[in-house]
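Colleague: In case you want the letters, here they are:
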Amino acid sequence: MLKVENLDVRYGAIRAVNGISLEVNKGEMVALLGANGAGKSSTLLAVAGALKAASGRILLDGEDITALPPERIVRRGIAMVPETRDVFPDLTVMENLRLGGYIHRHDGQGNSEDLARVMDLFPILKERGEQAAGTLSGGEQQQLVIARALMSRPRLLLLDEPSLGLAPKIVDQIFALIDQMRSMDITILLVEQNATQSLQLADRAYVLSLGQVAASGKASEILKATDIKAIYLGQETRKKKKKSRKR
Amino acid sequence: MSQLLQFTIDTLSLGSLYALMALGLVIVYGILRLVNFAYGELIMVAGYTLYLLSASPVPWLFMAFTAVLMSIFAGIATERVAFRPVREKSVTAVLITSFAFSTLLQNAALLFISPRARVVPLPDVFSQTVEIAGAVVPLRNILTILCAVLLLAGFALLLKKTVLGIALRAAASQFRMARMLGVPANLVISVAFAISGFFAGIVAIFWLGRIGSVLPGIGLGPLLVAFIATVIGGMRSLLGAVVGGYLLAFIDVSLAHLLPSNLLQFRDAFTFTLVIFILLWRPDGLVRGPATGQRT
Amino acid sequence: MTSATRSSVIGTLVILTVPVVLALVISEALGIRVVDRIATIFCINLVLVLGLQVFMGNSGILSFAHVGFMGIGAYASAVLSMPLQMKGMALPELYPIVKAIEISPYLGMVVGGLVAAGVAAAVSYPLMRLSDAAAVITSFALLVVLHTIMVHWHQMTNGPRTLFGVQSATTLYIAAGVAILMIFIALIFRESRTGILLRAARDDEVAAGAIGTNISNMRWRGFVLSAFMAGIGGALWAHFITSFSPNAFYLKETFVILGMLVIGGAGTVSGAVLGAFVVTAAFELLRLIENSINLSGVLPTQLVGLTEIALACAMIGILIVRPSGIISAREVAFPDALRRYLPGTHFTRPKQSRSADEGGTQ
Chain U
5 MLKVENLDVR
15 YGAIRAVNGI
25 SLEVNKGEMV
35 ALLGANGAGK
45 SSTLLAVAGA
55 LKAASGRILL
65 DGEDITALPP
75 ERIVRRGIAM
85 VPETRDVFPD
95 LTVMENLRLG
105 GYIHRHDGQG
115 NSEDLARVMD
125 LFPILKERGE
135 QAAGTLSGGE
145 QQQLVIARAL
155 MSRPRLLLLD
165 EPSLGLAPKI
175 VDQIFALIDQ
185 MRSMDITILL
195 VEQNATQSLQ
205 LADRAYVLSL
215 GQVAASGKAS
225 EILKATDIKA
235 IYLGQETRKK
245 KKKSRKR
Chain G
8 MSQLLQFTID
18 TLSLGSLYAL
28 MALGLVIVYG
38 ILRLVNFAYG
48 ELIMVAGYTL
58 YLLSASPVPW
68 LFMAFTAVLM
78 SIFAGIATER
88 VAFRPVREKS
98 VTAVLITSFA
108 FSTLLQNAAL
118 LFISPRARVV
128 PLPDVFSQTV
138 EIAGAVVPLR
148 NILTILCAVL
158 LLAGFALLLK
168 KTVLGIALRA
178 AASQFRMARM
188 LGVPANLVIS
198 VAFAISGFFA
208 GIVAIFWLGR
218 IGSVLPGIGL
228 GPLLVAFIAT
238 VIGGMRSLLG
248 AVVGGYLLAF
258 IDVSLAHLLP
268 SNLLQFRDAF
278 TFTLVIFILL
288 WRPDGLVRGP
298 ATGQRT
Chain R
17 MTSATRSSVI
27 GTLVILTVPV
37 VLALVISEAL
47 GIRVVDRIAT
57 IFCINLVLVL
67 GLQVFMGNSG
77 ILSFAHVGFM
87 GIGAYASAVL
97 SMPLQMKGMA
107 LPELYPIVKA
117 IEISPYLGMV
127 VGGLVAAGVA
137 AAVSYPLMRL
147 SDAAAVITSF
157 ALLVVLHTIM
167 VHWHQMTNGP
177 RTLFGVQSAT
187 TLYIAAGVAI
197 LMIFIALIFR
207 ESRTGILLRA
217 ARDDEVAAGA
227 IGTNISNMRW
237 RGFVLSAFMA
247 GIGGALWAHF
257 ITSFSPNAFY
267 LKETFVILGM
277 LVIGGAGTVS
287 GAVLGAFVVT
297 AAFELLRLIE
307 NSINLSGVLP
317 TQLVGLTEIA
327 LACAMIGILI
337 VRPSGIISAR
347 EVAFPDALRR
357 YLPGTHFTRP
367 KQSRSADEGG
377 TQ
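Protein chains in written order, with the numbering used here: chain U, 5 to 251; chain G, 8 to 303; chain R, 17 to 378.
Hint data in this document are derived by calculation from the structure and do not stem from the laboratory. Keep in mind the model is a prediction, meaning the values are calculated, not measured. Please note: incorrect hints may appear among the correct ones.
Okay, derived cross-link-like pairs now, DSS-like style, lysine-lysine, Cα gap no bigger than 25 Å in a straight line [as the list claims (entries may be wrong)]:
{"#": "1", "chain 1": "U", "residue 1": "K222", "chain 2": "U", "residue 2": "K7"}
{"#": "2", "chain 1": "G", "residue 1": "K96", "chain 2": "U", "residue 2": "K56"}
{"#": "3", "chain 1": "U", "residue 1": "K7", "chain 2": "U", "residue 2": "K56"}
{"#": "4", "chain 1": "U", "residue 1": "K130", "chain 2": "G", "residue 2": "K168"}
{"#": "5", "chain 1": "U", "residue 1": "K7", "chain 2": "U", "residue 2": "K30"}
{"#": "6", "chain 1": "U", "residue 1": "K130", "chain 2": "G", "residue 2": "K96"}
{"#": "7", "chain 1": "U", "residue 1": "K30", "chain 2": "U", "residue 2": "K222"}
{"#": "8", "chain 1": "R", "residue 1": "K115", "chain 2": "R", "residue 2": "K103"}
{"#": "9", "chain 1": "U", "residue 1": "K173", "chain 2": "U", "residue 2": "K130"}
From just these sequences and the hints, can you work out the full model?
Modeller: Listed below in structure tokens is the structure:
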């Protein structure tokens, strides 16, 4: 479904992603793992069109979408849930959700059905409907951005660190939700630091390091074969080197 | 009593104009974080449209309508010429291109029309007065207030109730995220400039109703007013722009009543010094805008 | 400053002096008054543009107030150097203390620069912590305040009316000399500690703040130096044109000076020189054409504003194609092969000095 070939992403002179290739098949859930600064988020943002690829290609169902702007990519069925949890703080929860269905705004009935479904899935959002989104708790905001992404009826959902900064109990809830979304025929590309938990859910995984793919394979194999901590620690030391090089 | 009423109506009508001026500037700033220095020239464009149509036999309302339309058109043109090509490259570049575009429009008016003021056609109601509780008030002041109230209410409704309005507000706080939900960047920006032009056009009608003629430099006054009002009220908040507009009118009208005439000529210096102080005290203005925001 | 930097500064200075010297030589060779006039205007413009470059180029903050300081310098020098017998006529309301003073116009130019710098130093410090739009709007506000004061301070400026009787003192040689001196100052400032830190802050404010740079203070220094140069430029202009009104120091002049800097490239001194050269030449040429058309009476109406339109189009065009101007990040450098012949420097590869410049790419 999604194919990334030799993707490069740069911020000025700094290379965040350095020739990453990966593939996500229909119905799969694929996890992208790696330490801070490994290039996970940049990869997702590039797929979503929010960052321009310096080189390489991004294909969706065989079509090149590399150069498309974000507003066109979401129309192709890719929805992004960014790690920064970008709710629109001054808009109410309902308005946030309405905007999620922006690309289907001429399909009023479909949108209200979606809204009802999403509300079932996230009952708390119904309760908070008229509240400004900026006043929600972290966990509620995370639910809101996921719900908002679902309103665009995505085929492929890009989830960036959904568990970041949340209490363990809420994290469990979020992972349960992600699992539930798989049953809704949504393909998922998940970026996580919480490696163990995401590997338990995912079908396959890629481990990124310094903007490159360091390992890939079935999630169960990666979970078994690799000492996760070692990968992270190993990357940790290498990351420091990278930093000192930047200076 | 009648003096107080006079003062109130003066303040409210001037404030309505100032609020609309400020709103037109801030709608663009809120979304792009960029100051449009050519904003005053949108008012100039509307003014010259009125002047050019004055010889034609069409009814005045049609002239006014065309003037507003031209101003909207000029707003969109500003975006195409001065903003879109450089928007993503450099902030300073955009400030300078909009300044250059402003000079371009002004000098085009100088070259093709005249450096001298030109009288614009105005309907009779603009020169009539009414007496309310002993105070003699120009009818156009009442019209200004009514029109502004209607426009502000309509604009609030647009922002609150329509998907486009919600998209505009969303883009003002998280532009990139709004795009990732499918809101086209160019649409939002063009709409913002069109609204800016619309307000400028309306302002032009009533502003010219006060001063009666148009000249190439006419935009500077409203631009300065819009600057001060938005800075006082809050650069990032539409409500702040409106509040700032009315507050500035209150200050202006009060100063006109209070200051001795030899100091009155320094009024601009006073108000601008005030602006500098307000910016130092609260760089975000009196009304805070959306919490976060990044540029395109 | 390392010796490598010093040698590259001298190299750049030598190259940048060329257009000034060229203007001088051509004017002397031709001996035509118009050419002499244009060459002088170029040198004065250059001083003004360099002044703006010192602040804007290094700090990255757009300043509208610059021309206001030019006005301060112009009025200060003009009034102080005005012959005593003229003062009664030109400025009847002048304060008695000032009425008694008459200084040489050359001293007046220095005083003009100092007064402008003093005003800038006094009012600008709190403004320097603002960035982006807030900084631009406050500088705009500052220009309006300065302009309003010039228009209404009858005693010192003759109000909105034209001030006559200013001593004529600016010759081409003086203007060229000052211009070369200013090129030198701008180059030195760029490579000074303050200049380097300012440029670092321009490219990444957070990072520069994190290494303990007091950005406001650095900007303030740049701003005061910039105002000083603007004041001197204004004084030069005043003693060249000999009669002027406050409207000379407002948006139109701002636009022209800004246009020169932007077209040439605000990030570099070389850009400022190139911009002043190209734009002055084009501007004066267009004005000449405009005037001769108007005088010939070919057209039924007077042509006005054509020059400004052309400049505006050029500015927009340049910014679309090259947002940071023709010479964007790196100063023009002396060709390696010739460096050894530079006076007073030993040959060094220019590599080290470049690394400092590379941060300037916007």
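Colleague: Now, for every hint given, state plainly whether the structure supports it.
Modeller: The hints, checked one at a time:
1. At most 25 Å may separate the alpha-carbon atoms for a hinted pair to count; U/K222 and U/K7 meet this at roughly 17 Å.
2. Between the alpha carbons of G/K96 and U/K56 the distance comes to roughly 14 Å, so the proposed pair stays at or under 25 Å and holds.
3. This hinted pair checks out: U/K7 and U/K56 have alpha carbons roughly 16 Å apart, not beyond 25 Å.
4. For the given pair, U/K130 sits about 19 Å from G/K168 by alpha-carbon distance, which is consistent with the 25 Å threshold.
5. As the CA atoms of U/K7 and U/K30 are separated by approximately 11 Å, the hinted pair is consistent with the 25 Å bound.
6. A threshold of 25 Å between alpha carbons decides the hint, and for U/K130 with G/K96 the separation of about 42 Å lies outside it, so the pair is violated.
7. Using a Cα cut-off of 25 Å, the hinted pair U/K30 and U/K222 holds, with the two alpha carbons roughly 15 Å apart.
8. In summary, the hint linking R/K115 to R/K103 is supported, as the alpha carbons are separated by about 7 Å, within the 25 Å threshold.
9. Note on U/K173 and U/K130: the hinted pairing holds, with a Cα-Cα distance of about 21 Å set against a maximum of 25 Å.
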